[in-house]
Amino acid sequence: MLEVLAKRAGAVEPGFGPKDVRWAIVCDERGTFREVLELGDTDAKRNCGQAFPVCPVMDRSVKQSGGKSEFLIDTAANVVLLGVAPEDAKGRAKHDYFVQLLREAGQAMPELAGLVRLLESQAELERVRERFIALGARPTESVTFKLGNAFPIESDRWHDWWRGKLAELTADRRAQGAAAGHMVCFATGDRVVPLPTHPKIKGLARLGGQRSGDVLVGFDKPAFQSYGLDQSTNAAVSKEAATAYSTALNALICKSSYELAGALVVHWFHYRVKPEEDLFSWLQDPPEGEERHARQRARDLLDSIASGQRADLAGNRYYALTLSGARGRVMVRDWMEGEFKELAENIRRWFEDVSIISCDGRIARDPRFLDVIGATARDLNDVAPPFMAKMWRVAVRCEPIPLAALAHALARVKEAVIGNKPFNHARMGLMKAYHIRSSREDGGKMKPNLNEEHPAPAYHCGRMMAVLAKLQQAALGDVGAGIVQRYYAAASATPALVLGRLVRGGQFHLNKLEPGLAHWYEEKLASISARLGDGVPQTLSLEEQSLFALGYYQQWVDLRTKRSDGSN
Amino acid sequence: MRPKDQALDVWGEFACFTRPELKVERFSYPVPTPSAVRGIYDAIYCKRTEFRWQVTAIEVLAPVRYISLRRNEVKDKVSTTNVQQWMTGRSPPEPIWADGTDVELGTDMKGRTQRQTMALCNVHYRLHAEIRPWPGFEDRLQAMEEQFRRRAAGGKCIHQPYFGCREFPAYFDLVDIDAQPPQRQPLDLDIGLMLYDVFDLSRPHGSLDTSRREDPDGVRSISLFRASVRDGLLSIPPYESDAVIKAQQGDTDA
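Line order of the protein sequences matches chains B and C. Our numbering numbers the first residue of the first sequence as -12 and each following residue consecutively. Our numbering numbers the first residue of the second sequence as 16 and each following residue consecutively.
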């Protein structure tokens, strides 16, 4: 996993990396303060600032040694002492170090001398702070400088100076590492001096992580350190590889991730694909337009791969990582990789398996992944992250659907049927997909619409319940609590006890109908009874109860749409 | 005389072959590491001064399925110094604090913490390994193999074998030499760099204690290899081969 991420980053130099900056202190070429400028999309609800691809990144171990700050980009607290109390010696030391770095970098960029003068002038600093406060800036937000019309950070003249400075700062620690010996890098397989603490991964603050970032590889507690190894030497990774994997992961989280019920899903392809061919995004938001669009498009892609038209996709691979935060650590919930072709086939099967007839008699639109997950709970926020991660794997890897998902969906279906609430297509589709995936042989009998040839008695018990409910409605009209509200729960668990009684009661309803309609209902009930074979089952298991629910639903839609078509 | 293949069928409810880089919030490799398999064989029959086990292949007989577990774990380790002092009567025993807040214990490094484990569930493998006698014990190979087979057939073990973590027991059954090949899972995986072993397997060990930094077999012995499962079979290269990436080269005299 680290190896794939490190390769994804390509050539990344330690000490350099991308950063987002929220504010810029605008000065003229001589360093006279002009204005404070908000960068990025200022109209956005959550402005992340402007992205600068090549910024100086201070070695974490150096920064932790105390009194250190970054070069050219740092927090408003460190740059202009925003929110730092006069007696806060640590805060002032960091500010002084920031100024010192600018002064030293003046050898390479003489124009930085003006910034040093600005930051050393208490009166000017006060003016800058007042402006920050007026604009509502926070001490933790990032700040850089703009000299005239140019950002010094975008120049490459500081790069060589920064390389030398970084080497000087890390020289002692490298010597300590070399003394500890070389180990095999888990990301590259090379013999390296392992990095003791790894760079942080950002973007998991809302998922249990910290705003300042979380580490993917970190061993701070003694119980997690083995064989006399300290910190991250427990899984040796070189500084270069650690920089590469963290840069790649941070970029992916920033640009190619989405949140799913308490976890963050990150995915990428070995060779970049067009946005409209990103199969993972189809799960999030199936392509709109024609009916069964996602399935059809997946099939088209598979056909073009098989015919050789899309040889580029045939050799492509996908990678998917599910993450969440755990108070300073990144928690990996899942890791998947495979061929693009296999992914296309799995996505096609997912949409095909969850497809089901809608209440209007047509095949329902392909449901979003979150709709399917939300169908198992009262609220999407109630879904546990491990369950979400498992279902994500089910969709991507075409695995069987867990019984827990069926149990949750069934409970919601019962509640909806008894409460006379509308059916949720994603929920019914999930139950159908469970049966298709649990047994391809029997599951093949499960169709999106009514299947009168289905072998399971439980399915026909559900159908009978729907016909009896319709018969009662035809005979008596709206009676408030009908047989569905009163008997559905009992009939779906113990059909032999309930259905016989309901069929006997149905005879009275038949007498109230016109002869032709009564005859039609009699024939319908007789055909279903014939399918029940040896008799109505005494009790139904959880899986059989879901078949009962599917039989009820599909028969209910069938009766409803045939009537509206005028065929009844 | 060439060593014979010693095959074992092993199965269990859970397994966690932890990726070293994800060892705190544990995440399992999809298949056992050679070191975990060596541990299973060592649990049944082990004489470290006379021979070592060379794992040759792992066959995956059950689908790879992950399960998410959360457990309370202690943060601290037992201090060997304290235990030695207690053994000699110089100080009272000092327990590991298994509970308590940071305020009560005065530090964040003691007490308990909740950690995730992405483990495997319902695993079943057929393992293959050979006995490699150390120099001077080659003539005892047949006797060693017979002893192993007698012990494994009788269900004897030095301690209960386990799948990566001691809390995940492994049940085992000796495979007959004439047994039919098992039905493997149709599994193809490129796992990438995978842990081979944490110890230097090129020389006999009286002790596997690598905690001492001055021990040349210590921290620099962790080895990796490129793992690739084809049709449910993970072939393991011999430790001395170049396919095993070792921190120190040239110590392969086994």
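These are calculated hints, taken from the structure and not from any lab test. In this text, all values refer to a predicted model and were calculated from it rather than measured experimentally. C-beta: ideal position from N, C-alpha, C; glycine also. You may find that some hints are simply not true.
[To be verified] Sample of chain C residues lacking proximity to chain B, with all beta carbon distances greater than 10 Å (derived): (1) ASP24; (2) ASN97; (3) PHE152; (4) ILE173; (5) TYR186; (6) ASP205.
[To be verified] Dumping the calculated SDA-like pairs for lysine to any residue here, alpha-carbon to alpha-carbon at most 25 Å: (7) C:LYS38 - B:PHE211; (8) B:LYS77 - C:THR122; (9) B:LYS328 - C:LYS92; (10) B:LYS187 - B:GLY4; (11) B:LYS55 - B:GLY18; (12) B:LYS328 - C:GLU182; (13) B:LYS(-6) - C:THR122; (14) C:LYS92 - C:GLU182; (15) B:LYS189 - C:THR128; (16) B:LYS187 - B:GLY54; (17) C:LYS38 - B:ASN237; (18) B:LYS(-6) - C:PRO45; (19) B:LYS187 - C:LYS38; (20) B:LYS152 - B:GLU324; (21) B:LYS(-6) - C:PRO35; (22) B:LYS187 - C:ASP57; (23) B:LYS208 - C:SER243; (24) C:LYS38 - B:LYS328; (25) B:LYS208 - C:ALA194; (26) C:LYS92 - B:ARG314; (27) B:LYS328 - B:ASN303; (28) C:LYS92 - B:LYS401; (29) B:LYS152 - B:VAL49; (30) B:LYS208 - C:THR96; (31) B:LYS189 - C:ARG85; (32) B:LYS434 - B:ARG380; (33) C:LYS19 - C:ASP57; (34) B:LYS208 - C:ASP203; (35) B:LYS55 - B:GLN218; (36) B:LYS187 - C:ARG85; (37) B:LYS208 - C:ASP117; (38) B:LYS187 - C:THR128; (39) B:LYS6 - B:LYS242; (40) B:LYS208 - C:VAL79.
Restraint check for LYS152 of chain B with VAL49 of chain B, where alpha carbons must lie at most 25 Å apart: holds, 12 Å
Agreement of LYS92 of chain C and LYS401 of chain B with the hint, judged by alpha carbon distance not exceeding 25 Å: violated, 51 Å
Pair hint LYS208 of chain B and ASP117 of chain C, alpha-carbon separation not exceeding 25 Å: holds, 13 Å
Straight-line alpha-carbon gap LYS152 of chain B to GLU324 of chain B, limit 25 Å: violated, 40 Å
Straight-line alpha-carbon gap LYS92 of chain C to GLU182 of chain C, limit 25 Å: holds, 18 Å
Straight-line alpha-carbon gap LYS55 of chain B to GLY18 of chain B, limit 25 Å: Judged against 25 Å, a Cα distance of about 23 Å means the pair holds.
LYS187 of chain B paired with ASP57 of chain C [C-alpha distance capped at 25 Å]: Given pair LYS187 of chain B, ASP57 of chain C is violated - Cα atoms ~39 Å apart, limit 25 Å.
Proposed proximity, THR122 of chain C with LYS77 of chain B (alpha carbon, max 25 Å): holds, 23 Å
Proposed proximity, ASN303 of chain B with LYS328 of chain B (alpha carbon, max 25 Å): Since the Cα atoms of LYS328 of chain B and ASN303 of chain B sit roughly 8 Å apart, the hinted pair holds (cutoff 25 Å).
Restraint status (C-alpha distance of LYS19 of chain C to ASP57 of chain C at most 25 Å): holds, 17 Å
Non-interface label on ASP24 of chain C, tested against every C-beta of chain B at 10 Å: holds, 24 Å
Whether ILE173 of chain C stays farther than 10 Å from all C-beta atoms of chain B, as the label says: holds, 21 Å
Violation of the numbered hints given earlier is confined to hints 6, 9, 12, 13, 20, 22, 23, 24, 25, 28, 34, 40; the remaining hints are satisfied by the structure.
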